[in-house]
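Student: These protein sequence lines are chains H and W, in that order.
Counting from 1, position 218 in the first sequence corresponds to residue 218 in this note's numbering; the numbering is continuous, with no gaps.
Counting from 1, position 252 in the second sequence corresponds to residue 252 in this note's numbering; the numbering is continuous, with no gaps.
Keep in mind the hints are simulated off the structure, nothing from the lab.
Treat the hints loosely; a few may be bogus.
One copy or two, it doesn't matter: identical chains are merged, so the pair holds either way.
Straight-line alpha carbon distances no greater than 20 angstroms define the calculated SDA-like cross-link-like pairs of lysine to any residue that follow [said to hold, decoys possible]:
hint, residue 1, residue 2
1, Lys154, Asp64
2, Lys154, Ile185
3, Lys197, Phe22
4, Lys154, Ile188
5, Lys154, Tyr11
6, Lys154, Gly210
7, Lys82, Lys154
8, Lys154, Ile189
9, Lys197, Glu103
10, Lys82, Asp61
11, Lys197, Arg8
12, Lys82, Arg24
13, Lys272, Arg146
14, Lys83, Ala196
15, Lys154, Pro15
Note that the coordinates shown come from a computational prediction; the quantities given were computed from them, not determined experimentally.
Number of protein chains: 2
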Amino acid sequence: MTATDRRRRTYGELPNYPEGSFFRNRAELHAAGVHLPLMAGISGSASEAADSIILSGGYEDDEDHGDVIVYTGQGGNDPATKKQVYDQTLVRGNLALVRNWMEGVPVRVVRGARHDSPHSPAVGYSYDGLYRVEDCWHDVGRSGFRIWRFRLRKIGQESSRLAFRVREEKDRYGTEMPERSHVSISRIIRTTAVAAKIKQMHDCVCQVCGTRLETPAGPYAEAAHIRPLGTPHNGPDTLDNLLCLCPNDHLLFDMGALTVEDDLTITGTRRKLRTVPGHEINAAYLRYHREHYG
Amino acid sequence: MTATDRRRRTYGELPNYPEGSFFRNRAELHAAGVHLPLMAGISGSASEAADSIILSGGYEDDEDHGDVIVYTGQGGNDPATKKQVYDQTLVRGNLALVRNWMEGVPVRVVRGARHDSPHSPAVGYSYDGLYRVEDCWHDVGRSGFRIWRFRLRKIGQESSRLAFRVREEKDRYGTEMPERSHVSISRIIRTTAVAAKIKQMHDCVCQVCGTRLETPAGPYAEAAHIRPLGTPHNGPDTLDNLLCLCPNDHLLFDMGALTVEDDLTITGTRRKLRTVPGHEINAAYLRYHREHYG
Chain H
1 MTATDRRRRT
11 YGELPNYPEG
21 SFFRNRAELH
31 AAGVHLPLMA
41 GISGSASEAA
51 DSIILSGGYE
61 DDEDHGDVIV
71 YTGQGGNDPA
81 TKKQVYDQTL
91 VRGNLALVRN
101 WMEGVPVRVV
111 RGARHDSPHS
121 PAVGYSYDGL
131 YRVEDCWHDV
141 GRSGFRIWRF
151 RLRKIGQESS
161 RLAFRVREEK
171 DRYGTEMPER
181 SHVSISRIIR
191 TTAVAAKIKQ
201 MHDCVCQVCG
211 TRLETPAGPY
221 AEAAHIRPLG
231 TPHNGPDTLD
241 NLLCLCPNDH
251 LLFDMGALTV
261 EDDLTITGTR
271 RKLRTVPGHE
281 INAAYLRYHR
291 EHYG
Chain W
1 MTATDRRRRT
11 YGELPNYPEG
21 SFFRNRAELH
31 AAGVHLPLMA
41 GISGSASEAA
51 DSIILSGGYE
61 DDEDHGDVIV
71 YTGQGGNDPA
81 TKKQVYDQTL
91 VRGNLALVRN
101 WMEGVPVRVV
111 RGARHDSPHS
121 PAVGYSYDGL
131 YRVEDCWHDV
141 GRSGFRIWRF
151 RLRKIGQESS
161 RLAFRVREEK
171 DRYGTEMPER
181 SHVSISRIIR
191 TTAVAAKIKQ
201 MHDCVCQVCG
211 TRLETPAGPY
221 AEAAHIRPLG
231 TPHNGPDTLD
241 NLLCLCPNDH
251 LLFDMGALTV
261 EDDLTITGTR
271 RKLRTVPGHE
281 INAAYLRYHR
291 EHYG
């Protein structure tokens, strides 16, 4: 057991270390509690979400766009050459970052000087703020081995707009009300113009389970992009890249717990996706989803 | 049929009328297409989401906090006294605004000089930007009649951060890819520290239907606040105000399609909420939810 395991992880901003705080080395990051492990890039475990990650130039497949980071999971990496030498699996720190996504736990991001990016400091390490894990999938990296990838988005304005202040008061039962409630986002359901069309075509019936959620304002369903929008997937916002799903199956689809074969069979079952005339699904997008999320 | 019915509603920003555009009267708003109806406050119908609303001092229960507006639905109002004289129902413009919520369609907000707020213009009308409908419920207004209320939140930074740019390219099938995809938010699942606790206590089993969604990273559930956080509900972030639900039942609960009686019976059924030792639910919060969302 190393020193890093004995200290408890602290999530979120640390009062004494605002964004932009500088650290000379990893021992200082450790002592401050900003990033506990002295070697590992992800501070987290299979049973606990990550509290911090470090970008230190160790992984050839990292992408740093500033507010958006495509971060490579841990494992399979040769520290000498920085190349992947075997497949990464969904364990330890990688599983921790999936928990951040599922539970909406924000993660501190630290950049080191050796990380090749215009956003990294010239020397030492810089604490660069809180990020949200908003997507995770696997891919084949530059060296031909499987890597896990996480798209992180900086929490800024957005979070302060969404965090509610709950009034300090006692309710009629004398319960102390929280002075302030820290609310974070665990999931955002996005929609597009084409999404409305697909829901209408399917009359809000889920293509996987046939559920149609009835509400006082009419039926509800969600449109799921098969090959996701946004970097680096850049799937199109077109009918042949969309499914009409209930929220439960949408979550399972996004998490890769549910995939669909080229012939529309739901993987591992004998059931097929429900279809309606005029809604042709592009098998290439189903394949992309299976290959990166399945 | 009036002139307003013949013109088609246009959603979102209008290129010629940026935020802050000034209009002398409602005829000018109509001619510009910014707000089509000459009398009604909500431009929308039972079958179509609203494209614009107006705050013009007609409703005594409106609240204007600038970026957050608690807007009163239409109907039951005496234009002479501005008082409610009968109950509002979920029809026409009110139903339209619920559709905005369900489908994530943003609505233009116009403020008039007669609207009593520091945010309203001194004369005429001002187009004040796009808002998202993020909550809807009913209440008893100042005059003792039922009113529908909608919490609107201004889309600013947040939306530009969340809107993806999709690269302009042709995919291998020759389909034209959209130059830019307009993505809007239909739903945000928030989470809090207490939420993680409630999911753990229930081992992610839905208290309504018993579903436990299995994913490669472990089980998934959502924590639903019974009396919502945030203005004007100000429910507490405490265990006795939370339920552990699957995404489908969370949606139904938030929409008021699912309510729970004081004795934990699910309204209209003989089934009861599943419970676990140590998770006591406060009946007052269930009552608040029934009274405002049911």
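Student: For each hint, tell me whether it holds in the structure or not.
Tutor: For each hint, the structure was consulted:
| no. | hint | in the structure |
| --- | --- | --- |
| 1 | Lys154 - Asp64 | within (12 angstroms within a copy, 29 angstroms between copies) |
| 2 | Lys154 - Ile185 | both (12 angstroms within a copy, 17 angstroms between copies) |
| 3 | Lys197 - Phe22 | neither (50 angstroms within a copy, 34 angstroms between copies) |
| 4 | Lys154 - Ile188 | both (15 angstroms within a copy, 17 angstroms between copies) |
| 5 | Lys154 - Tyr11 | within (15 angstroms within a copy, 29 angstroms between copies) |
| 6 | Lys154 - Gly210 | neither (37 angstroms within a copy, 35 angstroms between copies) |
| 7 | Lys82 - Lys154 | neither (26 angstroms within a copy, 45 angstroms between copies) |
| 8 | Lys154 - Ile189 | both (18 angstroms within a copy, 17 angstroms between copies) |
| 9 | Lys197 - Glu103 | between (31 angstroms within a copy, 11 angstroms between copies) |
| 10 | Lys82 - Asp61 | within (10 angstroms within a copy, 62 angstroms between copies) |
| 11 | Lys197 - Arg8 | between (49 angstroms within a copy, 18 angstroms between copies) |
| 12 | Lys82 - Arg24 | neither (22 angstroms within a copy, 65 angstroms between copies) |
| 13 | Lys272 - Arg146 | neither (29 angstroms within a copy, 46 angstroms between copies) |
| 14 | Lys83 - Ala196 | neither (44 angstroms within a copy, 37 angstroms between copies) |
| 15 | Lys154 - Pro15 | within (18 angstroms within a copy, 29 angstroms between copies) |
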